[in-house]
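Going by this note's numbering, 680 is the number at position 91 of the sequence shown; the sequence numbering is gapless.
Just so you know, the hints here were simulated from the structure itself, not pulled from any lab data. Possibly wrong hints are sitting among the right ones.
Claimed, not checked - Okay, derived cross-link-like pairs now, EDC-like style, lysine to aspartate or glutamate, Cα gap no bigger than 20 Å in a straight line: (1) Lys701 - Glu691; (2) Lys677 - Glu666; (3) Lys770 - Glu721; (4) Lys701 - Asp715; (5) Lys667 - Glu688; (6) Lys667 - Glu619; (7) Lys701 - Glu721; (8) Lys677 - Asp663; (9) Lys770 - Asp715; (10) Lys677 - Glu721; (11) Lys667 - Glu724; (12) Lys778 - Glu761; (13) Lys778 - Asp702; (14) Lys667 - Glu616.
As the list claims (entries may be wrong) - Cβ pair distances, simulated, as ranges: (15) Pro606 - Ser727: 18 to 26 Å; (16) Glu616 - Gly725: 13 to 21 Å; (17) Lys701 - Gly669: 23 to 31 Å.
As the structure is a prediction and not an experimental result, all values here were calculated from the model. Backbone N, C-alpha and C fix where the C-beta goes; we use that ideal spot for every residue, glycine too.
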Amino acid sequence: MPVLPLGERVLLPSVSPFFDLFPELAEVPELLVHSVRTARYAFLLSRLLGLGRPRVLFCVGALHDVGKLLVSRDILEKPGPLLGSEWKMIVRHPLWSFELVESRCRGMRGLKDILPAVRAHHEAWDGTGYPEGLEGTSIPLEARILALADVFDALTSPRPYRAPLSSGQALEIMAQMAGHKLDPYLFAKARILLSSIREEKA
């Protein structure tokens, strides 16, 4: 079992079934930790906002990026700008996630509700996202909630090209994204909740 930061270890009983289905996650610790944190944030947002289905959001958060297991680590960890061919690999990962979850999670309770949000987690409010260019409320609610959790964790986590941002810095950037990538109404409701999240470090 991979070593997780202290704040995420309490989630191990809940996420262990996903490790069994996707043991490759243990070989990509950054992706694993991002998935666990995103699952936690998505669950909390759903429960505290009273929107979406918390269990579905937890599962989607844990599984949304498994398609990146099919992307070269050289691309995922590249410190500079991506080439066009590399970006094409990145934008395919929501579809790969959908296909992997659909094939490996057969029989999972609520799978039919999990799959649409996995597929749509990189759609954008203004229609500029991928893979289908969905817009506004045509994007599944769970995918719009997940996007908040996903972006928040990505911004507050270290990346090859930058240090992690503070919660306040991350929320300022997300405010600029509201109405473009992010659902502006959900962000307005979630902002205070996200600002109260304090990541526990190992």
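Hint check results:
{"no.": "1", "hint": "Lys701 - Glu691", "in the structure": "holds (9 Å)"}
{"no.": "2", "hint": "Lys677 - Glu666", "in the structure": "holds (15 Å)"}
{"no.": "3", "hint": "Lys770 - Glu721", "in the structure": "holds (14 Å)"}
{"no.": "4", "hint": "Lys701 - Asp715", "in the structure": "violated (26 Å)"}
{"no.": "5", "hint": "Lys667 - Glu688", "in the structure": "violated (25 Å)"}
{"no.": "6", "hint": "Lys667 - Glu619", "in the structure": "holds (13 Å)"}
{"no.": "7", "hint": "Lys701 - Glu721", "in the structure": "holds (19 Å)"}
{"no.": "8", "hint": "Lys677 - Asp663", "in the structure": "holds (14 Å)"}
{"no.": "9", "hint": "Lys770 - Asp715", "in the structure": "holds (6 Å)"}
{"no.": "10", "hint": "Lys677 - Glu721", "in the structure": "holds (14 Å)"}
{"no.": "11", "hint": "Lys667 - Glu724", "in the structure": "violated (30 Å)"}
{"no.": "12", "hint": "Lys778 - Glu761", "in the structure": "holds (15 Å)"}
{"no.": "13", "hint": "Lys778 - Asp702", "in the structure": "violated (23 Å)"}
{"no.": "14", "hint": "Lys667 - Glu616", "in the structure": "holds (17 Å)"}
{"no.": "15", "hint": "Pro606 - Ser727: 18 to 26 Å", "in the structure": "violated (31 Å)"}
{"no.": "16", "hint": "Glu616 - Gly725: 13 to 21 Å", "in the structure": "violated (38 Å)"}
{"no.": "17", "hint": "Lys701 - Gly669: 23 to 31 Å", "in the structure": "violated (40 Å)"}
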